[in-house]
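Using the sequences and the hints given, assemble the complete structure.
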Amino acid sequence: MHDKEAISILHRLNFTEKNISDIKYFINELLKANKKHNFISKSTENVIWYRHILDSAQLVKFIDFSKGSLSDLGSGAGFPGLILAIFNKNKHFHVKLYEKSTVKRAFLKDIIDRLSLKIELRGNVYDEIIDSDYIVSRAFKKLEVIIQVSREIAKKSHKLIILKGQNAQEDLKKAFKKEKYDYKLENSITNKDSKIIIVDFKK
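Position one of the sequence shown corresponds to residue 4 (the working numbering), numbered consecutively onward.
Honestly, the hints are just simulated from the structure, not real lab data. Wrong hints could be hidden among the right ones.
[Stated by the list, open to error] In silico SDA-like cross-links for lysine to any residue, where the CA-CA straight-line distance does not exceed 25 Å:
# : residue 1 : residue 2
1 : 70        : 155
2 : 103       : 156
3 : 162       : 134
This is the structure in structure tokens:
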């Protein structure tokens, strides 16, 4: 998929020209930083719009930005949380990025400041209290660990949204061996074998 195709899909997901412009700035800075820090795999640099941006952006379909808040576990270089924050047009909707790496946090802070994004940048998720309506995760930890964070650290009812590869069904069986939760599996628009797992956690 070419960059133009990915941008066309972003428009269909209601990303504005300003959003696209912000993402282009972010990509340029990320590719510069990647020369030194290896924030994303070098093999994915040429397909960044498809592999990282669009993969993150598709989650806007499952989030109601009209109220509440969102926490991204293990944001890394900003996926998916930063992309969702760029999309967010509601000043009352709060986005929090949790990232324990000081190097990655410094990079994220610079992007947040330069793009004037409404984002709260936090450290290690295990040192925090999470009180968001949505918890999202892309490459944080194994599913059973994310479920544990959702159950034990999150303080209110929330929707957990996880981007997972082709082993999603197998991972779900392992994670839900002891306790069963209501969940949905949605198809990813970037990979026919990948899934988006959505779990409703009631407190």
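Problem set entry | Indices of hints not satisfied (ascending) | none
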